[in-house]
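K.L.:
Below are the chains, spelled out letter by letter.
2 protein chains.
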Amino acid sequence: MEQITGIRKMQQHCATLRAQGEKIGFVPTMGHFHEGHLSLVKRSKKECSATIVSIFVNPMQFAPHEDFDRYPRDINRDKKLLKQLGVEVLFTPKTGQIYPEPFLTSVFVDEITTIGEGVSRPKHFQGVTTIVAKLLNIVQPAVMYLGQKDIQQAVILKKMIHDLNIPVSVRLCPTIREKDGLAMSSRNIYLSSKERQSAPALITTLRTAEKMVESGEKDCKKITKKMEAVFDRFPKAKLDYILCADYKSFKPVSKVNSRTIIALAAYAGDIRLIDNIIVSPP
Amino acid sequence: MEQITGIRKMQQHCATLRAQGEKIGFVPTMGHFHEGHLSLVKRSKKECSATIVSIFVNPMQFAPHEDFDRYPRDINRDKKLLKQLGVEVLFTPKTGQIYPEPFLTSVFVDEITTIGEGVSRPKHFQGVTTIVAKLLNIVQPAVMYLGQKDIQQAVILKKMIHDLNIPVSVRLCPTIREKDGLAMSSRNIYLSSKERQSAPALITTLRTAEKMVESGEKDCKKITKKMEAVFDRFPKAKLDYILCADYKSFKPVSKVNSRTIIALAAYAGDIRLIDNIIVSPP
Numbered sequence: 036m037e038q039i040t041g042i043r044k045m046q047q048h049c050a051t052l053r054a055q056g057e058k059i060g061f062v063p064t065m066g067h068f069h070e071g072h073l074s075l076v077k078r079s080k081k082e083c084s085a086t087i088v089s090i091f092v093n094p095m096q097f098a099p100h101e102d103f104d105r106y107p108r109d110i111n112r113d114k115k116l117l118k119q120l121g122v123e124v125l126f127t128p129k130t131g132q133i134y135p136e137p138f139l140t141s142v143f144v145d146e147i148t149t150i151g152e153g154v155s156r157p158k159h160f161q162g163v164t165t166i167v168a169k170l171l172n173i174v175q176p177a178v179m180y181l182g183q184k185d186i187q188q189a190v191i192l193k194k195m196i197h198d199l200n201i202p203v204s205v206r207l208c209p210t211i212r213e214k215d216g217l218a219m220s221s222r223n224i225y226l227s228s229k230e231r232q233s234a235p236a237l238i239t240t241l242r243t244a245e246k247m248v249e250s251g252e253k254d255c256k257k258i259t260k261k262m263e264a265v266f267d268r269f270p271k272a273k274l275d276y277i278l279c280a281d282y283k284s285f286k287p288v289s290k291v292n293s294r295t296i297i298a299l300a301a302y303a304g305d306i307r308l309i310d311n312i313i314v315s316p317p
Numbered sequence: 036m037e038q039i040t041g042i043r044k045m046q047q048h049c050a051t052l053r054a055q056g057e058k059i060g061f062v063p064t065m066g067h068f069h070e071g072h073l074s075l076v077k078r079s080k081k082e083c084s085a086t087i088v089s090i091f092v093n094p095m096q097f098a099p100h101e102d103f104d105r106y107p108r109d110i111n112r113d114k115k116l117l118k119q120l121g122v123e124v125l126f127t128p129k130t131g132q133i134y135p136e137p138f139l140t141s142v143f144v145d146e147i148t149t150i151g152e153g154v155s156r157p158k159h160f161q162g163v164t165t166i167v168a169k170l171l172n173i174v175q176p177a178v179m180y181l182g183q184k185d186i187q188q189a190v191i192l193k194k195m196i197h198d199l200n201i202p203v204s205v206r207l208c209p210t211i212r213e214k215d216g217l218a219m220s221s222r223n224i225y226l227s228s229k230e231r232q233s234a235p236a237l238i239t240t241l242r243t244a245e246k247m248v249e250s251g252e253k254d255c256k257k258i259t260k261k262m263e264a265v266f267d268r269f270p271k272a273k274l275d276y277i278l279c280a281d282y283k284s285f286k287p288v289s290k291v292n293s294r295t296i297i298a299l300a301a302y303a304g305d306i307r308l309i310d311n312i313i314v315s316p317p
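Chains A and B, in that order, are what the protein sequence lines are. Heads up: the first sequence is residues 36 to 317, going by the numbering used here. Heads up: the second sequence is residues 36 to 317, going by the numbering used here.
Since the hints were made in silico from the structure, they are not lab data. Among these hints, one or two may not hold up.
Put simply, identical chains are the same to the list, so a pair is met inside one copy or across any two.
As the list claims (entries may be wrong) - Straight line, CA to CA, 30 Å or less: simulated DSS-like cross-link-like pairs of lysine-lysine:
1. K114 x K261
2. K81 x K256
3. K283 x K44
4. K58 x K290
5. K81 x K44
6. K129 x K283
7. K253 x K118
8. K193 x K246
9. K158 x K58
10. K271 x K129
11. K286 x K129
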């Protein structure tokens with residue numbers, strides 16, 4: 036596996052791959068891999084002839100009070116895992132090269148960035164859309180792989196790609212879960228053993244919603260109310276929001292329609308957790 | 036010459052050109068060509084193996100009170116001129132396809148968009164950067180040709196391209212002028228014959244600055260003061276601003292350094308005119 040740090044070198048490498056007719060699959064990450072990341076890599080390896088993974092802990096998507104400095108990093112372990120999967124190229128750009136001073140440009144998606152995660156993280160998605168626009172311009176892949184766990188991020192990036200006519204397809208891959216249903220996340224290592232015990236509150240609550248939809252319930256108010264009641268059984272976890280939204284537009288909906296996202300965020304101690312499911316009426 | 040309206044068709048056409056090893060030169064315009072536009076096209080024809088010209092009067096870069104509706108359009112004349120120059124493809128996308136509802140994404144460059152033209156046209160450059168980002172994603176040219184007349188626009192677009200790692204080179208081409216020195220602009224046809232008489236105020240004023248720099252003056256305050264005095268001799272024209280700025284960063288400067296932009300904007304009647312020169316100490 037080749038590790039490339041320079042942006043220009045990465046652009047040239049990708050241009051060569053494309054000129055050779057390779058289909059580039061791209062997995063943008065912040066590293067510290069879990070099975071969720073690896074599932075994206077595996078899917079790319081299956082569907083594309085060249086897989087490029089990037090690791091870049093993007094300062095622009097962290098607020099000053101957030102966990103940029105202590106965000107978990109383990110590049111050596113990550114490299115081993117990528118090698119085992121036969122990844123061709125790992126792209127690890129340097130912050131100074133990604134954001135040379137003065138960095139003045141941003142890519143912004145309106146409306147769907149100010150609800151859900153956008154309420155407690157107001158500048159977060161602007162950081163995400165800007166870095167992904169940059170990475171897509173550098174790698175110019177045929178396909179980009181994203182995880183369903185960060186569903187709002189995925190919908191926003193798909194919207195950016197559509198609005199800006201970026202020539203890339205997006206594959207959304209299922210959330211990978213621990214045995215007790217907790218969605219895998221690099222931030223799960225922050226959880227103390229006590230907090231970890233209350234973390235299944237999220238999937239338990241979502242499964243309640245799933246069952247209600249399966250048995251014919253479409254009213255999002257009723258579903259949300261029941262979800263809140265179920266969540267309350269986990270006194271150590273604190274609910275932030277529950278959101279029912281259209282799969283494509285991420286507009287909040289009052290009735291479950293074909294492909295509705297039910298997303299929630301909660302705190303276990305200080306640790307913010309998010310999860311979601313996509314449901315359809317039976 | 037082929038005229039393409041559909042975005043997808045344009046993307047496919049350009050992908051084919053690139054796969055065939057063609058070097059694509061791109062000239063984005065709002066149509067109603069004058070010699071300035073044609074000089075960009077000629078330069079592209081000279082330097083690239085395939086030239087694509089777009090005509091799109093971009094509503095996003097006009098404020099509600101501005102001249103979007105009456106902006107001059109003459110597609111048949113434009114097509115004849117492009118054919119004469121041997122242009123391969125004219126791209127004329129439709130507004131509904133460029134901005135499908137709901138259009139939520141914008142590309143924004145900070146700081147250098149809020150001075151100069153940005154003062155009286157606060158959302159203008161955001162409209163420009165967003166449409167050019169889109170057009171670059173559709174056409175993916177090797178080179179884009181821009182005119183020096185809109186120097187601030189050119190610096191902002193170069194900054195966007197640099198910050199977002201868009202793989203395209205930019206060529207800035209000299210301003211083309213009428214016999215009396217008025218910079219060519221599609222909007223010049225708005226000028227009444229009286230207003231037209233006072234329009235050389237801009238170039239006369241700029242030439243004063245040029246001479247001062249040539250004779251060793253570097254102090255931008257002194258240069259500006261003298262320029263204002265010269266401009267005052269044209270009572271029918273009204274000065275909006277004079278700006279001395281660094282060529283690369285567009286940061287205002289107090290001393291003329293190597294490659295300093297001296298730009299100004301003025302009104303002849305209601306018609307806004309802009310012009311600029313690039314100067315260097317002798």
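K.L.:
If a hint holds in the structure, say so; if it doesn't, say that too.
P.N.:
Hints versus structure:
no.	hint	in the structure
1	K114 x K261	neither (44 Å within a copy, 64 Å between copies)
2	K81 x K256	neither (41 Å within a copy, 64 Å between copies)
3	K283 x K44	between (36 Å within a copy, 24 Å between copies)
4	K58 x K290	neither (40 Å within a copy, 52 Å between copies)
5	K81 x K44	both (25 Å within a copy, 29 Å between copies)
6	K129 x K283	between (34 Å within a copy, 24 Å between copies)
7	K253 x K118	neither (46 Å within a copy, 59 Å between copies)
8	K193 x K246	within (29 Å within a copy, 53 Å between copies)
9	K158 x K58	neither (33 Å within a copy, 39 Å between copies)
10	K271 x K129	neither (39 Å within a copy, 55 Å between copies)
11	K286 x K129	between (36 Å within a copy, 26 Å between copies)
The structure does not agree with the numbered hints 1, 2, 4, 7, 9 and 10 stated previously, though it agrees with the rest.
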